[in-house]
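From first to last, the protein sequence lines stand for chains A and B.
To convert, count from 1 in the first sequence and add 26; that's the working numbering.
To convert, count from 1 in the second sequence and add 116; that's the working numbering.
If you are wondering where the hints come from, they were derived from the structure by calculation, not from laboratory data.
Hints are not guaranteed to be accurate.
The list that follows gives simulated cross-link-like pairs (lysine to any residue, SDA-like), each with its CA atoms no further than 20 Å apart [said to hold, decoys possible]:
1. A/K102 / B/K216
2. B/K137 / A/F116
3. B/K164 / A/F108
4. B/K164 / A/D100
5. A/K102 / B/Q181
6. A/K102 / B/I314
7. B/K137 / A/H101
8. B/K182 / A/F116
9. A/K102 / B/K164
10. B/K137 / A/Y99
11. B/K182 / A/L65
12. A/K102 / B/F144
13. B/K164 / A/V64
14. B/K137 / A/L76
15. B/K164 / A/L125
16. B/K164 / A/L38
17. B/K164 / A/M72
18. A/K102 / B/I134
19. B/K216 / A/L38
20. B/K164 / A/S127
21. A/K102 / B/S147
22. B/K216 / A/Y45
23. A/K102 / B/K137
24. B/K182 / A/V122
25. B/K182 / A/V64
26. B/K137 / A/A120
27. B/K216 / A/V42
28. B/K164 / A/V122
29. B/K164 / A/L97
30. B/K216 / A/E41
31. B/K164 / A/A121
32. B/K137 / A/V42
33. B/K164 / A/T77
34. B/K137 / A/M72
35. B/K137 / A/A121
36. B/K164 / A/L76
37. A/K102 / B/K182
38. B/K164 / A/L103
39. B/K164 / B/Q181
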Amino acid sequence: MSEAVAHDPDFLAEEVRRYHHFITLALWLAAITGAEIVLIFLPMPMSVILTALSLMSAIKFFAVILWFMHLIYDHKLLFWIFMCGMVLAFATYAAVLALFSVQDIDTKWFS
Amino acid sequence: MSQAADATHAHAPTSTGIDHKKLIMWLFLASDCMFFGTLISTHLLYRKLYPTGFTDAEGHQQFIQKLFNIELTSFSTFILLMSSFLMALAVSAMHKGQLKSFRRNVLGVIFFGLIFLGCQVYEFTHFFHEGLTIQNSVFGSTFYVLTGTHGTHVAIGILWLILLYFYSFTGKLTGHMGGLDVEVAGLYWHFVDIVWIIIFTVVYLVEYLGPSGFWGTGLPLAQ
Chain A
27 MSEAVAHDPD FLAEEVRRYH HFITLALWLA AITGAEIVLI FLPMPMSVIL TALSLMSAIK
87 FFAVILWFMH LIYDHKLLFW IFMCGMVLAF ATYAAVLALF SVQDIDTKWF S
Chain B
117 MSQAADATHA HAPTSTGIDH KKLIMWLFLA SDCMFFGTLI STHLLYRKLY PTGFTDAEGH
177 QQFIQKLFNI ELTSFSTFIL LMSSFLMALA VSAMHKGQLK SFRRNVLGVI FFGLIFLGCQ
237 VYEFTHFFHE GLTIQNSVFG STFYVLTGTH GTHVAIGILW LILLYFYSFT GKLTGHMGGL
297 DVEVAGLYWH FVDIVWIIIF TVVYLVEYLG PSGFWGTGLP LAQ
């Protein structure tokens, strides 16, 4: 960051705005984490809790990468680079899960 | 994006318009994402295939839900989230050229990171004394490898931030490149945080779902 930019009033105003965003986001992240802990002890169907936990985890995940990691302000290419890694990670999980779920393999095809 | 935001993330004179350091870091994070993806997948798959807990040295069946301490894990999760917040403030301070504020926030991140590592060391020691080792069960193997790899990432991040903290006293951590160095370190730290967000949910919280855990054998229903 050049010194000229660091003293630009618009730039400083933007940084102050972001500073407040970070504080708000940190409070939300703490609140969501608290809600997750309460949720697991509630007498509700497991599917509902699991969906809610996944959703809250995804919200926290994307909040951090978009705001704290500046992806919302940065070049779009960086977002897609990271998403490639994410998609491949999930695809690996899905593929291995499918592989391990195969129960009845007709072994005659391998002999 | 506003003009000021444009100034903060001004396009570098490269073919992609992105600083090479930042681009390389994002490529590394994408690859690390796949790395953690495989570790988490392995843990979940083996948890599904071997849903029982583990047998301790005396031959007693132990249950994972009973072993975990949700209060401690929640505390360390909160600590790591707050360290991420301080890291964002440190990057912001560096962008504004406020070196003192940057140092204060980075010290906070290092402190919180050390607390997190302390919690993990305590947890590992406790589990070990309860009989869970990396060798005696599939759960032990996948759990220690996954959380241990994450802990190693945290330790590397702390070391990086300590070096950055002392480097800031040399007077070389200034200008665009100084800001970029801090931003790249920040990206790494936030990544460590988001990996923990996933681990916290899929490794720890799911063990508490329902009376006998998500995997069906967390605790006997009678207990």
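Hint by hint, here is what the structure shows:
1. For the suggested pair A/K102 and B/K216, the alpha carbons sit about 32 Å apart, so the restraint of at most 20 Å is broken.
2. Pair hint B/K137 plus A/F116 does not hold up; C-alpha atoms about 27 Å apart against a cutoff of 20 Å.
3. For the hint pairing B/K164 with A/F108, the CA-to-CA distance comes to about 28 Å; that exceeds 20 Å, so the pair is violated.
4. Between the alpha carbons of B/K164 and A/D100 the distance comes to roughly 39 Å, so the proposed pair goes past 20 Å and is violated.
5. The suggested pairing of A/K102 with B/Q181 is violated, with an alpha-carbon distance near 42 Å, which exceeds 20 Å.
6. With a CA separation close to 24 Å, the supplied pair A/K102 and B/I314 exceeds the 20 Å bound.
7. Proximity of B/K137 to A/H101 is assessed by CA-CA distance (about 14 Å); at most 20 Å being required, the pair is judged to hold.
8. Under the criterion of a C-alpha separation no larger than 20 Å, the hint pairing B/K182 with A/F116 is inconsistent with the structure, at around 30 Å.
9. With a C-alpha separation of about 37 Å, the suggested pair A/K102 and B/K164 falls outside the 20 Å cut-off, and the hint is violated.
10. A hinted pair counts as satisfied when its Cα atoms are at most 20 Å apart, and B/K137 with A/Y99 qualifies at roughly 17 Å.
11. In summary, the hint linking B/K182 to A/L65 is supported, as the alpha carbons are separated by about 18 Å, within the 20 Å threshold.
12. Only pairs whose Cα atoms come within 20 Å are accepted, and A/K102 paired with B/F144 is accepted, the gap being roughly 17 Å.
13. Our distance criterion of 20 Å between C-alpha atoms is broken by B/K164 and A/V64, whose separation comes to about 25 Å.
14. Only pairs whose Cα atoms come within 20 Å are accepted, and B/K137 paired with A/L76 is rejected, the gap being roughly 38 Å.
15. A hinted pair counts as satisfied when its Cα atoms are at most 20 Å apart, and B/K164 with A/L125 qualifies at roughly 13 Å.
16. As the CA atoms of B/K164 and A/L38 are separated by approximately 51 Å, the hinted pair breaks the 20 Å bound.
17. Restraint check: the Cα-Cα separation between B/K164 and A/M72 comes to about 16 Å, which is no more than 20 Å; the hinted pair holds.
18. For the given pair, A/K102 sits about 10 Å from B/I134 by alpha-carbon distance, which is consistent with the 20 Å threshold.
19. Only pairs whose Cα atoms come within 20 Å are accepted, and B/K216 paired with A/L38 is accepted, the gap being roughly 17 Å.
20. The suggested pairing of B/K164 with A/S127 holds, with an alpha-carbon distance near 10 Å, which does not exceed 20 Å.
21. For the hint linking A/K102 to B/S147, the alpha-carbon distance of about 18 Å falls within 20 Å, and the restraint holds.
22. Restraint check for B/K216 and A/Y45: the C-alpha separation of about 16 Å stays at or below 20 Å, so the hint holds.
23. With a C-alpha separation of about 16 Å, the suggested pair A/K102 and B/K137 falls inside the 20 Å cut-off, and the hint holds.
24. Between B/K182 and A/V122 the alpha-carbon distance is near 29 Å, which puts this suggested pair outside the 20 Å criterion.
25. Of the supplied pair hints, the one linking B/K182 and A/V64 holds, its CA atoms being roughly 18 Å apart against a limit of 20 Å.
26. This hinted pair does not check out: B/K137 and A/A120 have alpha carbons roughly 32 Å apart, beyond 20 Å.
27. For the hint pairing B/K216 with A/V42, the CA-to-CA distance comes to about 17 Å; that is within 20 Å, so the pair holds.
28. Only pairs whose Cα atoms come within 20 Å are accepted, and B/K164 paired with A/V122 is accepted, the gap being roughly 12 Å.
29. Straight-line distance between C-alpha atoms of B/K164 and A/L97 comes to about 35 Å, which puts the hinted pair past the 20 Å bound.
30. For the proposed pair B/K216 and A/E41, the alpha carbon gap of about 16 Å is at most 20 Å, so the pair holds.
31. Taking the CA atoms of B/K164 and A/A121, the gap is near 15 Å; set against the 20 Å cutoff, the hint holds.
32. A distance of roughly 26 Å separates the Cα atoms of B/K137 and A/V42; the hinted pair therefore is violated under the 20 Å criterion.
33. Between B/K164 and A/T77 the CA atoms are separated by roughly 18 Å; this keeps the pair inside 20 Å, and the hint holds.
34. For the hint pairing B/K137 with A/M72, the CA-to-CA distance comes to about 44 Å; that exceeds 20 Å, so the pair is violated.
35. About 33 Å separates the Cα atoms of B/K137 and A/A121, which puts this hinted pair outside 20 Å; it is violated.
36. The straight-line distance between the Cα atoms of B/K164 and A/L76 is roughly 16 Å, inside the 20 Å bound, and the hint therefore holds.
37. Of the pairs offered as hints, the one joining A/K102 and B/K182 is violated, with about 45 Å between alpha carbons and a cut-off of 20 Å exceeded.
38. About 36 Å separates the Cα atoms of B/K164 and A/L103, which puts this hinted pair outside 20 Å; it is violated.
39. Among the hinted pairs, B/K164 with B/Q181 is consistent with the structure: their alpha-carbon atoms are about 15 Å apart, no more than 20 Å.
When held up to the earlier numbered hints, the structure conflicts with 1, 2, 3, 4, 5, 6, 8, 9, 13, 14, 16, 24, 26, 29, 32, 34, 35, 37, 38 and fits the remainder.
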